[in-house]
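Trainee: Sequence:
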Amino acid sequence: MTLWLSAGLLFTFATILFVLIKWWNLECVGVTPVRTLTFIAILFTSGLDVGLIMFPLTEFGSYADLTASPEYSFANPLAIEFGFWAFLIWGFYFLTCFYFCIIEPRVKFFEIPVVKIVNNLVIIGTCAFTAFLLLVNLPWYLPQIGDGESIRPIFYLIVIAAITLAVYSSSQLRFVRILSLGSSLMFIALIIAMGLYAFSGESGSPSDFVATAGLIGDYFGNLHHFMLPLNDYHEFYLFWWFSWSIMIGQFTARFVGGLKTWQLFIAMLAFPSLAIGTWFTVLYYYHAEGLQINSLVNLAMISVGILMVINSLDSLIRLYTENLKLTTRELGKPRYFIGNFVAMCGLTLLFQLDFLRIHWVGALVIALYFSCFAYILLRKRQQVSAIQASPKENTLDFSKFELAN
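Under my numbering, the first residue of the sequence shown is numbered 900, with each subsequent residue one higher.
Among the hints, a few may not be true.
To be verified - Below, computed lysine-lysine pairings styled on DSS-like, alpha-carbon distance capped at 25 Å: (1) K1224 / K1015; (2) K1159 / K1279; (3) K1015 / K1232; (4) K1224 / K1007; (5) K921 / K1007; (6) K921 / K1279; (7) K1291 / K1007; (8) K921 / K1224; (9) K1159 / K1015; (10) K1291 / K1279; (11) K1291 / K1015; (12) K1007 / K1279; (13) K1291 / K921; (14) K1159 / K1007; (15) K1232 / K921.
If you're looking for bench data, these hints aren't it; they were derived computationally from the structure.
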């Protein structure tokens, strides 16, 4: 699996470089374009879940334990955490977003029946894995309503509620903007509130924030270390990112609003990384200084995290139902709701039984990457080489989003 993952990573980075060189200044326009701020909000909140909010507090200590994990010795824990979540790996999303916006309309690789089936299995499987991660981590996230280890019935109810809301919101496109902007604003408010407490008054100072944030520089000075898997845990993250990449690319491609290729690249790497870096800086300061997170703050964190899960599930459910023509238009709302609800709950339980693993999903996505490349070389090389603009049917009309509701 490590060799397969490494091949996928090297291929992805090489392809990103090729796209930037060949189509540097091409204007990218999606099917239902939105303005850049809305696009960034959709990208950020659809591409992340509760793990961003809570995982770092469980991981900083393990990255600092060089006796158990000497492979982390090249950088500090904050830089390692940043490397697992930010910048370089968002290039996966850039590549797939560009592909589905500019290349797929000419190639139609994902309309090949067998590819379409595999693609939607990937989407459905990763969607369920997102709900599964929320379920298995809720005991740690909310220790005040459990023993911190076992899954209580109330945790199942929380996940069921998240799935219910996601299925309902996925039935109408207008909820995308509401969820994305709402999640982003709540996340920003959380960062500001926790940052003010940590870096003001007796707890710290603004200079402490700058000094802590400066530790992220270790990541950029050691970027090459993150291009291949460091260990099994890093492999898990990379397979996870691969499993998300194709579907996030499909979903976000429709909303690109006239950005040049280089601008899209910067937007998809820089803006999410800035938010992630700021958040991780705050969390690392809490960790390093031993600051306590009270119950109210913990509740706020898990609330934002659950909203991100709902946002992600909404995006993924919307995507596979549209791909399979199982939308409310074809099924009607009752059958749409019941079918998706049962599917998500059932698959979430399969992950809990260890019947499914995210590594398999990520490996399958890498296979799709290579298969698509081979298909283009054998069948569509001339069409792709001739691309000089977005598809003609994609016009820069922001009212299309409103009309799609």
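Trainee: Is the hinted pair K1224 and K1007 satisfied, with a Cα-Cα distance of at most 25 Å?
Mentor: Within the cut-off at roughly 17 Å; holds.
Trainee: Given the hint that K921 pairs with K1007, does the C-alpha gap stay at or below 25 Å?
Mentor: holds (20 Å)
Trainee: Has the given pair, K1291 with K921, been kept, meaning a C-alpha gap of at most 25 Å?
Mentor: holds (19 Å)
Trainee: Do the alpha carbons of K1291 and K1007 lie within 25 Å of each other, as the hint requires?
Mentor: Measuring from Cα to Cα gives roughly 16 Å; hence the hint holds.
Trainee: Given the hinted pair K921 and K1279, is their Cα-Cα distance within 25 Å?
Mentor: OK: K921 and K1279 at ~16 Å, within 25 Å.
Trainee: Does the structure keep K1291 and K1015 at a Cα separation of 25 Å or less?
Mentor: holds (24 Å)
Trainee: Under the criterion that the straight-line Cα-Cα distance not exceed 25 Å, is the pair K1015, K1232 satisfied?
Mentor: Holds. K1015 to K1232 sits at ~24 Å (cutoff 25 Å).
Trainee: Between K1159 and K1015, is the straight-line Cα distance small enough, at 25 Å or below?
Mentor: violated (29 Å)
Trainee: Can you confirm whether the C-alpha distance between K1007 and K1279 stays at or below 25 Å?
Mentor: With a Cα-Cα distance of about 10 Å, the restraint between K1007 and K1279 holds, given a limit of 25 Å.
Trainee: Run the distance test for K1224 versus K1015: straight-line Cα separation, threshold 25 Å.
Mentor: Since the Cα atoms of K1224 and K1015 sit roughly 12 Å apart, the hinted pair holds (cutoff 25 Å).
Trainee: Given the hinted pair K1291 and K1279, is their Cα-Cα distance within 25 Å?
Mentor: The hint holds at about 18 Å.
Trainee: Hint check: K1159 vs K1007, CA-CA at most 25 Å. Holds or violated?
Mentor: holds (23 Å)
Checked against the numbered hints above, the structure breaks hints 8, 9 and 15 and satisfies the rest.
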